[in-house]
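Mind docking chain B on chain A? Use the hints.
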Amino acid sequence: MITKGPADELNHFKNSVAMTVTLISFGMMFSSLFLGYFLVRFNAPAWPPVEIENLPKLLPFLSTVVMGLSSWTFVLLERRTEKKALWSATFGLGVLFLVLQFLLWNSLAASGILASNGNVPSMVYAFTWLHAGHIVLALALVLWLGYLIFFRPTGLTDVKLINVGKFWHFLGVIWFLMYLMLFVL
Amino acid sequence: MAFVEQHIHDAPTSFWSKYVVSYDHKVIAKQFLWYALFWGLVGGLMSILIRWTLAYPGVPVPLIGNMLFPASGGVVPPDTYAMLFTLHGTIMIFFFITPLLIGCFGNYCIPLMIGARDMIFPTLNMLSFWFAMASGLVLFASLCIPLGGAAGGWTSYPTLSTNIGQPGAGQTMWLISLFLFGISSTMGAVNYITTVITLRAPGMGYFKMPLTIWGLWLTAILNAIFVPVLGAGLLLLTFDRVFGTTFFLAGAAATSGRGDPILFQHVFWIFGHPEVYILILPAWGIVSDLLSFFARKPAFGYKMTALSLSAITVLSTVVYGHHMYTTQMSPLLTQSFMTLTMLISIPSAIFFANWLGTIWKGSIQFHSPMLFSLGVVFVFGLGGLTGLYLASTSIDLYLHDTYFVVGHFHYTMAASVLLGGFAGVYFWMPKMFGRMMNETLAKWHFWLTMIGINGIFMGMMIVGYGGMHRRLYNPFIYEFLHKLIPINNFISYSAFFAAAAQILFIYNLFKTVFAKNYPAAGKNPWGVGTLEWEIDSPAPHYNFKDIPVVKCGPHEFGNPNLTTGRDYQYQTEELVKV
Chain A
1 MITKGPADEL
11 NHFKNSVAMT
21 VTLISFGMMF
31 SSLFLGYFLV
41 RFNAPAWPPV
51 EIENLPKLLP
61 FLSTVVMGLS
71 SWTFVLLERR
81 TEKKALWSAT
91 FGLGVLFLVL
101 QFLLWNSLAA
111 SGILASNGNV
121 PSMVYAFTWL
131 HAGHIVLALA
141 LVLWLGYLIF
151 FRPTGLTDVK
161 LINVGKFWHF
171 LGVIWFLMYL
181 MLFVL
Chain B
1 MAFVEQHIHD
11 APTSFWSKYV
21 VSYDHKVIAK
31 QFLWYALFWG
41 LVGGLMSILI
51 RWTLAYPGVP
61 VPLIGNMLFP
71 ASGGVVPPDT
81 YAMLFTLHGT
91 IMIFFFITPL
101 LIGCFGNYCI
111 PLMIGARDMI
121 FPTLNMLSFW
131 FAMASGLVLF
141 ASLCIPLGGA
151 AGGWTSYPTL
161 STNIGQPGAG
171 QTMWLISLFL
181 FGISSTMGAV
191 NYITTVITLR
201 APGMGYFKMP
211 LTIWGLWLTA
221 ILNAIFVPVL
231 GAGLLLLTFD
241 RVFGTTFFLA
251 GAAATSGRGD
261 PILFQHVFWI
271 FGHPEVYILI
281 LPAWGIVSDL
291 LSFFARKPAF
301 GYKMTALSLS
311 AITVLSTVVY
321 GHHMYTTQMS
331 PLLTQSFMTL
341 TMLISIPSAI
351 FFANWLGTIW
361 KGSIQFHSPM
371 LFSLGVVFVF
381 GLGGLTGLYL
391 ASTSIDLYLH
401 DTYFVVGHFH
411 YTMAASVLLG
421 GFAGVYFWMP
431 KMFGRMMNET
441 LAKWHFWLTM
451 IGINGIFMGM
461 MIVGYGGMHR
471 RLYNPFIYEF
481 LHKLIPINNF
491 ISYSAFFAAA
501 AQILFIYNLF
511 KTVFAKNYPA
521 AGKNPWGVGT
531 LEWEIDSPAP
541 HYNFKDIPVV
551 KCGPHEFGNP
561 NLTTGRDYQY
571 QTEELVKV
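For the protein sequence lines, the chains are A and B, in the order given.
What the first sequence shows, in the working numbering, is residues 1 to 185, in sequence order.
What the second sequence shows, in the working numbering, is residues 1 to 578, in sequence order.
Isolated chain A (complex conformation):
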């Protein structure tokens, strides 16, 4: 027997499928960058090359902590009913992450490491630029959630929270991988 399902069911299902496909697309883009990294790394005569020795350690570490904290606050935002404080924390941490990225780029430039200085600086700059670009996009989505939370609470649905959350956590995972590849391993 064929029956008509509720509109909410379609809404939830379609957004879930679409966000999964979208994340696969974004994932493929970042995977291509990582492929480039591994090709360069495994073909390099020595690793790390000379220019990597001066890469800052503290700022990327702080960025990782901030990213992790923001993911945690986002999880709480999805689960708890009191949303305003948690949204503010998530958004604030997201902005702080971007500030740390700017400081990282400034610190690299100050120590004479420019994008044109070779493979590793090229990767550090390009990867972090692209990631930061996505963070800006994600922050715009978080801002939209904030508008709903503060001014139109009836428009805030679980689907919206969950899907923006998926994108946010995805970017957190990507940052963590970048941090490991570029600054730790």
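Careful, some of the hints might be misleading.
Quick look at which bits of chain B chain A covers, simulated, 3 or more residues with Cβ under 8 Å [claimed, not checked]:
hint	region
1	223-230
2	241-250
3	387-398
Result set (DSSO-like, lysine-lysine): computed pairs, CA atoms no more than 27 Å apart in a straight line [what the hints assert, rightly or not]:
hint	chain 1	residue 1	chain 2	residue 2
4	B	Lys523	B	Lys443
5	B	Lys30	A	Lys14
6	B	Lys361	B	Lys303
7	B	Lys523	B	Lys208
8	A	Lys14	B	Lys523
9	A	Lys14	B	Lys443
10	B	Lys26	A	Lys14
11	B	Lys30	B	Lys551
12	B	Lys208	B	Lys551
13	A	Lys14	B	Lys208
14	B	Lys545	B	Lys18
15	B	Lys551	B	Lys516
16	B	Lys303	B	Lys577
17	B	Lys361	B	Lys511
18	B	Lys516	B	Lys26
19	A	Lys14	B	Lys551
Stretch by stretch, here's where chain B covers chain A in the computed footprint (C-beta under 8 Å, at least three residues) [as the list claims (entries may be wrong)]:
hint	region
20	30-36
21	115-121
Since the hints were made in silico from the structure, they are not lab data.
These numbers were taken from a predicted model, which means no experiment stands behind them.
The C-beta atom is built at its ideal place from N, Cα and C for all residues, glycine as well.
For chain B alone, coordinates are given in the frame of chain A:
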């Protein structure tokens, strides 16, 4: 079994909401159609200039030469020649075939053929078109700047595409343009995939979908996965050009550090080989349906065809290395890629045999969509078979970068897809615009086009086998190629002939769409049972007043027990037992 349905939107009333920023998938499909035709004309004109140069090196182009190239007295200069073949490839692949097959037919057919009222994300759909529009504008603008547009080949390999090989902003604008187009394609892909998964009408299982939808859906999956890979490559190349990074620079080209130009080839072809299937899967799907519709027989081996298309989709992702045999790849890798590439011939042979099985002993109606579909069977057969030669490492080392490759990929990617696109336009025209195109003109168009394109691409394979390399401005400065001048002239005449044949199509199309007092087509002029033929022509803005309930497959033809006076069943009718 539960299903969900979209509500019916109010019909748009203003010109702006109806034709410019429309959310209606049918209007967006038509926008993509005009967009593709415009770019098809531009890219086609470029190919004529290329062929003129090869037929008459150093001779001014008649009529338009002095207007386009005043500094050289109407002769195509060498740097412009490089720009022409670069942009011809780019435009035909990204701005003509993709918008026509995927943008137009994807948008038009998916909701109508699966029984939905629109795409699942209409706004995203509209944005997808406007991103494509922005991309086209950037590319067009690149033609009008100092040093002109990109000239590093449609593959834009570094170092040809770095600041050293290609100074000026043209190449950077090419990169930005394709990146924007990639965003458009990805938006479309997310929409198509989600629409097919979530909005199929009740009863429309995956194996009750028309093969057109299978082709478009699989294409969307490939698009979603592999276009971002190209996006990454484009961004990194942009960074190399604009910010001085050194991803793809090596040797004297890199002021410090050392990048790897071959890395771009990897990224490009990880995307580029699936791209071949991105272009051709919709055409295969359309042809698989049309052969059955006009042979008045069920599609032979329907499930196997759908599964073969799926298998090809999967295999297409792991064969890209066959484009790079000459990059000093390890023999182990070349042999692996060769084997995987050869494997693709198995599912290809299955659905090709199914095509032949479908038309075998059918009551074939030689209407224009069927003629063009049979044309696809012929040219894809030739293109596919010559692909086997190129898959073989030892042969490819000799034929790499020759016109044999150009002939091969034009047979598969250009001729097959172009003929499939024409088949689709002639077939769905009554549903899109409520009018039938003139059949006599359409048949003339088919035969003249077939003669022209076979002259071009068969000739290309012959001169390629004779050792003529692609992308040479004047190959005849080499004595060993002198003997190929006559056949090059023949190829060029064939190109002019094929181009002239398109005037019939353009006249027919414009007359059908814009002529006053043109007779209206009926609901179902071809006598086909898929869902779109059960509604009015042209389709109303909400598509289906009531969501249809699907009860049988899309190719139910020739059942002797039918009592309806028709030789086909609609998909909403209970299947009559044979």
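Going down the list of hints, with the structure as the test:
1. Counting residues of the region 223-230 of chain B whose CB falls under 8 Å from any CB of chain A gives 6; the rule of at least 3 is met.
2. Remark: the region 241-250 of chain B is confirmed as covered by chain A, as 5 of its residues place a Cβ nearer than 8 Å to a Cβ of that chain, reaching the required three.
3. With 0 residues having a Cβ less than 8 Å from any Cβ of chain A, the region 387-398 of chain B misses the three-residue criterion, and the hint is violated.
4. For the given pair, lysine 523 of chain B sits about 23 Å from lysine 443 of chain B by alpha-carbon distance, which is consistent with the 27 Å threshold.
5. Between lysine 30 of chain B and lysine 14 of chain A the CA atoms are separated by roughly 25 Å; this keeps the pair inside 27 Å, and the hint holds.
6. A C-alpha spacing of about 20 Å is found between lysine 361 of chain B and lysine 303 of chain B, which places the hinted pair at or below 27 Å, so the restraint holds.
7. Taken as a hint, the lysine 523 of chain B and lysine 208 of chain B pair is honoured in the structure, with Cα atoms around 22 Å apart against an allowance of 27 Å.
8. For the proposed pair lysine 14 of chain A and lysine 523 of chain B, the alpha carbon gap of about 31 Å is over 27 Å, so the pair is violated.
9. Under the criterion of a C-alpha separation no larger than 27 Å, the hint pairing lysine 14 of chain A with lysine 443 of chain B is inconsistent with the structure, at around 43 Å.
10. The suggested pairing of lysine 26 of chain B with lysine 14 of chain A holds, with an alpha-carbon distance near 21 Å, which does not exceed 27 Å.
11. With a C-alpha separation of about 30 Å, the suggested pairing of lysine 30 of chain B with lysine 551 of chain B is violated against the 27 Å cut-off.
12. Distance hint between lysine 208 of chain B and lysine 551 of chain B is fulfilled; the C-alpha atoms sit about 9 Å from each other, no more than 27 Å.
13. Only pairs whose Cα atoms come within 27 Å are accepted, and lysine 14 of chain A paired with lysine 208 of chain B is accepted, the gap being roughly 21 Å.
14. Under the criterion of a C-alpha separation no larger than 27 Å, the hint pairing lysine 545 of chain B with lysine 18 of chain B is consistent with the structure, at around 20 Å.
15. Of the supplied pair hints, the one linking lysine 551 of chain B and lysine 516 of chain B is violated, its CA atoms being roughly 39 Å apart against a limit of 27 Å.
16. The straight-line distance between the Cα atoms of lysine 303 of chain B and lysine 577 of chain B is roughly 19 Å, inside the 27 Å bound, and the hint therefore holds.
17. Simply put, lysine 361 of chain B and lysine 511 of chain B have alpha-carbon atoms about 36 Å apart, too far for the 27 Å limit, and the pair is violated.
18. Straight-line distance between C-alpha atoms of lysine 516 of chain B and lysine 26 of chain B comes to about 22 Å, which keeps the hinted pair within the 27 Å bound.
19. Simply put, lysine 14 of chain A and lysine 551 of chain B have alpha-carbon atoms about 24 Å apart, close enough for the 27 Å limit, and the pair holds.
20. Counting residues of the region 30-36 of chain A whose beta carbon lies closer than 8 Å to any beta carbon of chain B gives 6, which meets the minimum of three for the stated coverage.
21. Requiring three or more residues with a Cβ within less than 8 Å of a Cβ of chain B, the coverage given for the region 115-121 of chain A holds, as 7 such residues are present.
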